[in-house]
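Quick note, the sequences are listed as chains Y and W, same order. Residues 1 to 168 in the working numbering are what the first sequence lists, from first letter to last. Residues 169 to 521 in the working numbering are what the second sequence lists, from first letter to last.
The reader is advised that the hints may include incorrect statements.
Here are some chain Y residues the structure puts well away from chain W; computed CB gaps all over 10 Å [unchecked claim]:
hint, residue
1, Glu5
2, Pro10
3, Gly118
4, Lys143
Here are a few chain W residues that face chain Y, going by a calculated C-beta distance under 8 Å [claimed, not checked]:
hint, residue
5, Pro251
6, Asp253
7, Phe326
To spell it out: a stretch of chain W is covered by chain Y in this simulated footprint if at least three of its residues, at any positions, have a beta carbon under 8 Å from a beta carbon of chain Y; those stretches are [as the list claims (entries may be wrong)]:
hint, stretch
8, 393-400
9, 486-493
10, 503-509
I should point out that these hints are in silico values taken from the structure, not numbers from a laboratory. We put the beta carbon where it would ideally sit given N, CA and C, even for glycine.
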Amino acid sequence: MNCEECKQRPATVHLTQMYNGQKKELHLCEQCAAQKGAYMFDLAKFSLPNLLGTFLGGNLGQQHMQAVGQARTCPNCGMNFADISQTGKLGCSECYAAFDGELEPTLRRVHGNSQHIGKVPARGGEKVMVKKQIEELKTRLQKAVAEEQYEKAAEIRDSIKELEKKLS
Amino acid sequence: MHADDLLNSNYVKWMLAEEAPASDIVISSRIRLARNLNLIPFPHLLDQKSGERSLAEIQAAWQKSQDPILREMELLTFDQLSPLDRQILVEKHLISPNHAAANEHYRGLLVNRDGALAIMINEEDHLRIQCLLPGLQVEACYEMAERIDDQLEKNLNFAFDESRGYLTACPTNVGTGMRASVMLHLPAITLTGLANAIFQNIAQLGMTVRGLYGEGSEVVGNLYQVSNQVTLGQSEEDIINNLTTITAQMVDQERIMRSRLANETRFQLEDRVGRAFGILTNARIMTSNEALNLLSDVRLGVDLGIIKDIRPFALNELMAAVSPAHLQKRSGQEMDPFQRDVKRAEVIKEKLG
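Produce the complete structure using the sequences and hints provided.
Next comes the structure, spelled out in structure tokens:
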């Protein structure tokens, strides 16, 4: 199939977008898709899922369109990033890892951040808590060394080693 | 079965304004935590099999818990709830309109006796833990919601990622998965035309303002829902502190404007309140929006002591009682909009007259 825009180069990028509830499919070559990316952003309807879809699609338009062309899917639920862009929703917990790179700019745009600093679940997050403890101890270790409290530093180092055993 | 009481009476905990802090302005406070089960597709992708599995896992975790707060809850799955009953739960703010509109039998609700605690099952996320209390009590809401979260987490494997936090179907909720909100009654700020300027400031602080039924709903009766926009990169404590601080400022502002109205335009204010009360207690046909707007004027009159013998609780109760599903439940029949408008006028007259 050739690109719908220039009708010359082969279509390697396949996009599905929703406009006012109407599904629209586009088959483009990379060059035309890159131009089209910005244009579609303007047309998007501003309800939240669409807006979010546009955020996701917008990143896609400028940077990662090739990824969609390759139709990478989540190994757990089978969603690809075009599905996610369209609905504004991920498919399952594993999508976050599968599309980590694509999500990063979106999360920054929506939240101004991409790193969680809140609550950690006690059970599933045990490792996370240990890691956080280790980080904390390392800071204390540096401080102890800087203050030449070597006995204390040795104690802290031992605790860090203990905790690191838990992780492995 | 206490769920029957919840469906048949008007009362829910958040209506109990009398002893709640700042309840002359803050109608209610809410915390909602979004949680998902690891590996099971998010609800919008669930089919019958995975949907039933998700429900079964949540049900089992609930039943295993020894905490009295969870033991006291009751499970209502959607095959037990008629569309009318679901709408009743929406009008009481116990489930979302989207949840009510869906039909899958593996959707449901865990709810306690007074409706302060509600867990939507298989809504946009597998679990939406909600605590809803009267007045400005965001922190107390969080304590209860967190306790439920901790209890359920003992027996459920929640989807969590070290750097992204709690994983949710929509990336706008990822991180804490927490939405903290307050429902504010701001007639004086609205009347004096200050509302828009204030809400623009709020938006810059990472908060959003919505109508009575949350996302996509219009503002009626001078009731505004303010909630946090950001869920990632801020701790629960920060979010709650921000919301509480902003709310306290809005409460101050509203009080200042109310006292200015009362001092500088006493006659106009009393006239407005009196007319609203007159219409509410004498009208024969009353639309929902008209009722909510007039009830707002009466509420202001009650708060400022212009009307003396009406309790704020009665006004909160009326907000639910005059909603379409409550009217139909009360009449025991389906009603067209006109019949509802007539019934609504009757219910209000009975309550306030």
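Item checked: Hints not upheld, ascending by number -> Hints 3, 5, 6, 9 and 10 not satisfied by this model.
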